[in-house]
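Colleague: These protein sequences, in sequence, are chains A and B.
Under my numbering, the first sequence has 208 at position 208, and the numbering climbs by one with no breaks.
Under my numbering, the second sequence has 1029 at position 29, and the numbering climbs by one with no breaks.
The set of hints was computed from the structure by calculation and includes no laboratory data.
Any given hint might turn out to be false.
Now the stretches of chain B that chain A is said to cover, found in silico as 3 or more residues with beta-carbon under 8 angstroms [as the list claims (entries may be wrong)]:
hint: 1; stretch: 1048-1057
hint: 2; stretch: 1073-1080
hint: 3; stretch: 1172-1186
hint: 4; stretch: 1211-1224
With a cut-off of at most 25 angstroms between alpha-carbon atoms, the simulated DMTMM-like pairs for lysine to aspartate or glutamate come out as follows [said to hold, decoys possible]:
hint: 5; chain 1: B; residue 1: K1020; chain 2: A; residue 2: D272
hint: 6; chain 1: A; residue 1: K214; chain 2: B; residue 2: D1056
hint: 7; chain 1: A; residue 1: K350; chain 2: A; residue 2: E271
hint: 8; chain 1: B; residue 1: K1276; chain 2: A; residue 2: E15
hint: 9; chain 1: A; residue 1: K214; chain 2: B; residue 2: E1099
hint: 10; chain 1: A; residue 1: K346; chain 2: A; residue 2: D257
hint: 11; chain 1: A; residue 1: K200; chain 2: B; residue 2: E1049
hint: 12; chain 1: B; residue 1: K1020; chain 2: A; residue 2: E243
hint: 13; chain 1: B; residue 1: K1283; chain 2: A; residue 2: E15
hint: 14; chain 1: A; residue 1: K346; chain 2: A; residue 2: E322
hint: 15; chain 1: B; residue 1: K1057; chain 2: A; residue 2: E220
hint: 16; chain 1: B; residue 1: K1057; chain 2: A; residue 2: E233
hint: 17; chain 1: A; residue 1: K254; chain 2: A; residue 2: E314
hint: 18; chain 1: B; residue 1: K1283; chain 2: A; residue 2: E38
Here are the in silico distance ranges between beta carbons for each label pair [unchecked claim]:
hint: 19; chain 1: B; residue 1: A1113; chain 2: A; residue 2: Q46; range: 14 to 24 angstroms
hint: 20; chain 1: A; residue 1: K323; chain 2: B; residue 2: A1113; range: 37 to 47 angstroms
hint: 21; chain 1: A; residue 1: D133; chain 2: B; residue 2: L1281; range: 36 to 46 angstroms
hint: 22; chain 1: A; residue 1: T241; chain 2: B; residue 2: L1051; range: 57 to 67 angstroms
hint: 23; chain 1: A; residue 1: E243; chain 2: B; residue 2: Q1279; range: 39 to 49 angstroms
Quick reminder that beta carbons are idealized off the backbone N, C-alpha and C, glycines included.
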Amino acid sequence: MGKTVLMQGNEACVEGALAAGMRLYAGYPITPSTEIAEFSAVRLPQVGGKFIQMEDEIASIACAIGGSVAGVKSMTATSGPGFSLKQENLGYACLAEIPLVVVDVQRAGPSTGLPTSPSQGDIMMARWGTHGDHPVIAIAPSSVSEAYNLAIRCFNLAEKYRTPVLFMMDEIIGHLREGIEIPDHVEVIDRPTVDYPDAKRMPYQIKEGQLVPKMAAFGEGQRYNITGLIHDESGFPTNSTEEAEKLVTRLMHKISDNYDDIVQVDQVNMEDAEVAIVCYGGTMRAAITAMEKARAKGIKCGIFRPITIWPFPERELLAASEKLKKVVVAEHNYGQIVLEVERIIKNNCKLGFVGKVNGTVITPEEILAKVEED
Amino acid sequence: MIDTSNVSEKTVNTSDLIYKYMRPEHLPHIWCPGCGHGIIMRDVAQAVENLGLDRDKVVLVSGIGCSSRAAGYMDFNTIHTTHGRAIAFATGIKLANPELEVIVLTGDGDASAIGGNHLIHAARRNIGLTVIVMNNTIYGMTGGQYSPTTPRKAFGTTAPYGNLDRAFDLAGLAYGAGASYAARGSAFHTQQTIQMIQEGIRHQGFSIIDVASVCPTYFGRKNKKGSAVDMLRWQKENSVTVEQAKKMTAEQLQGKLVIGVIHQVQYPEFTFEYQKLIQRLAKEREE
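Construct the complete structure from the given sequences, taking the supplied hints into account.
Modeller: Written out as structure tokens, the structure is:
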């Protein structure tokens, strides 16, 4: 049994990251993610890690990538405007295959928007924000406990698949305080390290049947090259059309072929459900009450909550939709994930939507009204 | 003309340097004939050789542009990053592992336009990076647009009527921002530049060596500067030392290239200070 403590979501994210082995944090102050920087500044030097406040958001993600290249698990955190600024280097980490965790405590946009208000408006930016075709793993916590445990999962997936992982928190969870249990032991995965002699010449070499190249830290003696240009297995730029196709295809498959390992979904009362509320992150809180009220009224209501937002749990949703009469998507935006849901469920069942862009939270009653609607 | 008789250098054959510090399988380089960047790249190799550094512990970080291809040609830990961000990436590498010698190879546009914020803040922070600017006063990779170091009235493809902007003095900018070592070399003044790069690497703190390169293809052609040799000759004939410059008026310094160490002082280095903090906290916990 671990100990139970009262914690804020942003703090839990830091503690989870530390438990996963984060030893470098680079950030820039921005509401509502600032506490992640503040807690990191306090905690990292206590455990021999490094905190640095960089000059801007772009520098923060660049610095975190640099830390990871030198072999140290690294994280940066931000909110909407900062997440926009980080997009270019996010793509760099995707292509160069640098393990990294980027936290976005979402706030209401667009632009400077409503800085202290909750939102889930960055969900599509998480998928498509950086230019070019690239793989994405994005995870959304819906409790403080999950902010802790899923932060660990973000690091583990980043290391295992040598890719940036986006921790899509929102203001609701970031600033929520609740009691959580800190486990005594957590599973920690480290990046696949180099054990073959040819790594210096072929740092991106893939063995038959594998999709993730092993990784040496700078300073270990491999003296290899990293670039944001399309490169071959040597790590050097190439203009070869075959190599370009091979690389981008492998990067996409690296994630999609490991769907079962990466994708997590929380299904509540879905066994007999005729109506499912699809929600994620902080919206889950209202959805639970809405479901309970619907059940009290005799409506067989369940909740389908993607924990992994990208890749979206489409196999599970498609299977569920075949047994449902209706899906109600609730999210704090003008309609983002609902588009993905609409694509997946085809016309298997009806589709309702509850969105909000005024900076307030979606209420259980608003969801319930859509659940009850014919 | 600057006297080089008192500059010492171990005699190393250039081809020996190439086989030791370059990646011959990735040569020839992509730079145009006459480009000054190859000379500066060689200066870096020579400085590393003179200092006897362990290549496994040397990291070269570059951004985007002509200069930034240098990293890949050299046999160290090399990372070719995004435009303007080399110093920010380098900061993470140095912070994560302060034992590494982290050298940033950048250009004038990379370091002072898109990356200007990182340059001044790394200087202010006094983190132990050595920034070598291959300053050719033009955006070469994209075909000759004016940069923050293009002289006023000079021509570029985006300055067809002459540049209206004023040029940055990069060593002066870094000095103003708090760099504890700031120097200026040139493609022509290899001996002095090698010496400055050595000093910069040895220096405990942020160092910048702004090295005047030559771009005969774009800057030279647009501004009728003649051949690559003519442009190097211009560097030779129009340079003055920092000491000489101190005795000259602003008018006399017009169009001159001031070579030498602009500023050198000792401040606490960032990663060293951070290590001290970690040790202090560990000690407090024990007590």
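Colleague: Now tell me, hint by hint, if it's right for this structure.
Modeller: Hint check results:
Chain A is given as covering the stretch 1048-1057 of chain B, and this holds because 3 residues of the stretch bring a CB closer than 8 angstroms to a CB of that chain, at least three being needed. Counting residues of the stretch 1073-1080 of chain B whose C-beta sits closer than 8 angstroms to any C-beta of chain A gives 6, which meets the bar of three, so the coverage hint holds. Counting residues of the stretch 1172-1186 of chain B whose C-beta sits closer than 8 angstroms to any C-beta of chain A gives 0, which falls short of three, so the coverage hint is violated. With a cut-off of 8 angstroms between beta carbons, the stretch 1211-1224 of chain B has 0 residues touching chain A; three or more are needed, and the interface restraint is violated.
Taking the CA atoms of K1020 of chain B and D272 of chain A, the gap is about 70 angstroms. The hint is violated against a cut of 25 angstroms. Pair hint K214 of chain A plus D1056 of chain B holds up; C-alpha atoms about 18 angstroms apart against a cutoff of 25 angstroms. Between K350 of chain A and E271 of chain A the alpha-carbon distance is near 18 angstroms, which keeps this suggested pair within the 25 angstroms criterion. About 23 angstroms separates the Cα atoms of K1276 of chain B and E15 of chain A, which keeps this hinted pair within 25 angstroms; it holds.
For the given pair, K214 of chain A sits about 23 angstroms from E1099 of chain B by alpha-carbon distance, which is consistent with the 25 angstroms threshold. In summary, the hint linking K346 of chain A to D257 of chain A is supported, as the alpha carbons are separated by about 23 angstroms, within the 25 angstroms threshold. At roughly 21 angstroms between alpha-carbon atoms, K200 of chain A and E1049 of chain B fall within 25 angstroms of each other, so this suggested pair holds. A C-alpha spacing of about 29 angstroms is found between K1020 of chain B and E243 of chain A, which places the hinted pair above 25 angstroms, so the restraint is violated.
Taken as a hint, the K1283 of chain B and E15 of chain A pair is honoured in the structure, with Cα atoms around 22 angstroms apart against an allowance of 25 angstroms. Straight-line distance between C-alpha atoms of K346 of chain A and E322 of chain A comes to about 10 angstroms, which keeps the hinted pair within the 25 angstroms bound. Distance restraint check for K1057 of chain B and E220 of chain A: the Cα-Cα separation of roughly 8 angstroms lies within the 25 angstroms cut-off, and the hinted pair is therefore satisfied. Proximity of K1057 of chain B to E233 of chain A is assessed by CA-CA distance (about 23 angstroms); at most 25 angstroms being required, the pair is judged to hold.
A C-alpha spacing of about 17 angstroms is found between K254 of chain A and E314 of chain A, which places the hinted pair at or below 25 angstroms, so the restraint holds. Annotation: proposed proximity of K1283 of chain B to E38 of chain A holds, straight-line Cα distance about 22 angstroms (limit 25 angstroms). At about 39 angstroms, the CB distance of A1113 of chain B to Q46 of chain A disagrees with the hint of 14 to 24 angstroms. For K323 of chain A and A1113 of chain B, the Cβ-Cβ distance of about 58 angstroms falls outside the hinted range of 37 to 47 angstroms, so the restraint is violated.
Taken as a hint, the range 36 to 46 angstroms holds for the pair D133 of chain A and L1281 of chain B, whose Cβ atoms sit roughly 45 angstroms apart. The beta-carbon spacing between T241 of chain A and L1051 of chain B, approximately 42 angstroms, falls outside the hinted interval of 57 to 67 angstroms. For E243 of chain A and Q1279 of chain B, the hinted distance range of 39 to 49 angstroms is satisfied, since their beta carbons lie about 47 angstroms from each other.
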